[in-house]
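Colleague: Sequence:
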Amino acid sequence: MKKVMMILLAQTILLSFCLAGPAPQGSASQQTPGVYDTWVATDGLDRSLPSAEEAGDTRTDKYVGLFYFICHDDPQNGGSGTLIDNSKVFAEGGLFAVWEMLLQDQTHVWGEPYFGYYVNTDEWVYRKHAAMFSALNIDFIFVDLSNSFLHGEGLFILFETWHKIREEGGTTPQIALFCGWRPSTARFTLDAVWERIYQNEAYRDLFFEWEGKPLFLGSPADLTQEYLDFFTIRESWVGTGSSSEYVYTGVNQWNWFDPYPQTVGKNARGENEHISVSAAGHANSDTSRSYVGDGG
Numbered sequence: 001m002k003k004v005m006m007i008l009l010a011q012t013i014l015l016s017f018c019l020a021g022p023a024p025q026g027s028a029s030q031q032t033p034g035v036y037d038t039w040v041a042t043d044g045l046d047r048s049l050p051s052a053e054e055a056g057d058t059r060t061d062k063y064v065g066l067f068y069f070i071c072h073d074d075p076q077n078g079g080s081g082t083l084i085d086n087s088k089v090f091a092e093g094g095l096f097a098v099w100e101m102l103l104q105d106q107t108h109v110w111g112e113p114y115f116g117y118y119v120n121t122d123e124w125v126y127r128k129h130a131a132m133f134s135a136l137n138i139d140f141i142f143v144d145l146s147n148s149f150l151h152g153e154g155l156f157i158l159f160e161t162w163h164k165i166r167e168e169g170g171t172t173p174q175i176a177l178f179c180g181w182r183p184s185t186a187r188f189t190l191d192a193v194w195e196r197i198y199q200n201e202a203y204r205d206l207f208f209e210w211e212g213k214p215l216f217l218g219s220p221a222d223l224t225q226e227y228l229d230f231f232t233i234r235e236s237w238v239g240t241g242s243s244s245e246y247v248y249t250g251v252n253q254w255n256w257f258d259p260y261p262q263t264v265g266k267n268a269r270g271e272n273e274h275i276s277v278s279a280a281g282h283a284n285s286d287t288s289r290s291y292v293g294d295g296g
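Per the UniProt record's numbering, the sequence shown starts with residue 1, numbered consecutively.
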């Protein structure tokens with residue numbers, strides 16, 4: 001039984017996928033690995049990375065994926081003209097000031113990123129992310145396009161930058177797209193990127209494959225036959241809930257976020273493929289390991 005591990009990162013919130021399925025299923029391109037497995041680290045809270053004795057040897061029958069956002073648009077490409085750092089607003093005016101700022105239709109962040117307030121057209125950041133993710137042995141990323149926005153040129157710059165890195169002899173994860181549960185979003189997104197990305201042979205080795213085809217997370221309901229033939233498709237949303245356009249069946253569905261206890265995603269043959277391991281999600285809801293309600 002081949003198992004696949006996927007870890008998703010939602011901006012600063014760590015989420016993870018753990019997939020399991022029969023061999024052969026997934027495919028990550030072979031590249032010259034960097035020497036990262038000898039690294040050790042201890043953070044400011046005196047927490048150390050596990051040793052090989054604790055974690056075991058590298059597992060060749062698993063894949064690791066990272067949930068990835070590109071929604072920090074460049075204002076020149078349609079993004080919000082003002083970026084508001086909620087942590088600085090709170091420091092200056094308290095909670096009331098934060099609520100006042102939230103009423104404004106602008107781009108908000110909870111705090112300043114490690115690389116500063118970068119935008120999604122910054123090639124340097126994409127290069128740094130590729131190096132960091134390769135050090136973590138991340139096999140692929142899921143790019144969040146679930147709100148029917150392409151976010152300017154960010155996606156295309158991501159693909160081109162990582163293509164350049166590979167041509168230069170460097171390493172990058174592979175890429176898959178996540179389009180949520182709406183049929184219209186899946187169709188809009190693929191129509192918009194089909195020629196520039198999926199018909200571009202230069203990017204072929206950047207596509208993460210599942211069951212021998214590029215993986216796509218989204219609804220197949222409104223897709224053309226050409227798209228259906230090209231991709232391995234898995235519907236994806238949160239947990240086991242349903243809506244008017246998404247009915248949870250547990251078959252060919254991978255949850256991108258799923259609170260404990262999680263649900264295993266299965267294929268049409270009933271074989272285990274995936275499980276999501278999520279530390280937190282959705283800033284406007286009480287879904288994190290650190291949240292404690294009135295009842296404890």
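By construction, these hints were calculated from the structure, which means they are not laboratory data.
Cβ atoms here follow ideal geometry from the backbone N, Cα and C, with glycine treated the same way.
Be aware that one or more of the hints could be misleading.
[Claimed, not checked] EDC-like mimics (lysine to aspartate or glutamate), calculated; alpha carbons at most 20 angstroms apart, straight line: (1) K62 to E100; (2) K88 to E100; (3) K62 to D205; (4) K88 to E123; (5) K128 to E168; (6) K266 to E209; (7) K164 to E211; (8) K164 to E201.
[To be verified] DEER-style ranges, computed between Cβ atoms: (9) M132 to R269: 22 to 30 angstroms; (10) G56 to K213: 25 to 33 angstroms; (11) V40 to P261: 30 to 38 angstroms.
Colleague: Now tell me, hint by hint, if it's right for this structure.
Modeller: Hints versus structure:
1. The suggested pairing of K62 with E100 is violated, with an alpha-carbon distance near 46 angstroms, which exceeds 20 angstroms.
2. Taken as a hint, the K88 and E100 pair is honoured in the structure, with Cα atoms around 13 angstroms apart against an allowance of 20 angstroms.
3. A hinted pair counts as satisfied when its Cα atoms are at most 20 angstroms apart, and K62 with D205 qualifies at roughly 19 angstroms.
4. Note on K88 and E123: the hinted pairing is violated, with a Cα-Cα distance of about 27 angstroms set against a maximum of 20 angstroms.
5. Straight-line distance between C-alpha atoms of K128 and E168 comes to about 15 angstroms, which keeps the hinted pair within the 20 angstroms bound.
6. A hinted pair counts as satisfied when its Cα atoms are at most 20 angstroms apart, and K266 with E209 qualifies at roughly 17 angstroms.
7. This hinted pair does not check out: K164 and E211 have alpha carbons roughly 27 angstroms apart, beyond 20 angstroms.
8. Restraint check for K164 and E201: the C-alpha separation of about 14 angstroms stays at or below 20 angstroms, so the hint holds.
9. Taken as a hint, the range 22 to 30 angstroms is violated for the pair M132 and R269, whose Cβ atoms sit roughly 36 angstroms apart.
10. The hint said 25 to 33 angstroms for the Cβ distance between G56 and K213, and at roughly 31 angstroms that hint holds.
11. Checked against the given bound of 30 to 38 angstroms, the beta carbons of V40 and P261, roughly 33 angstroms apart, stay inside it.
Checked against the numbered hints given earlier, this structure breaks hints 1, 4, 7 and 9; the rest are met.
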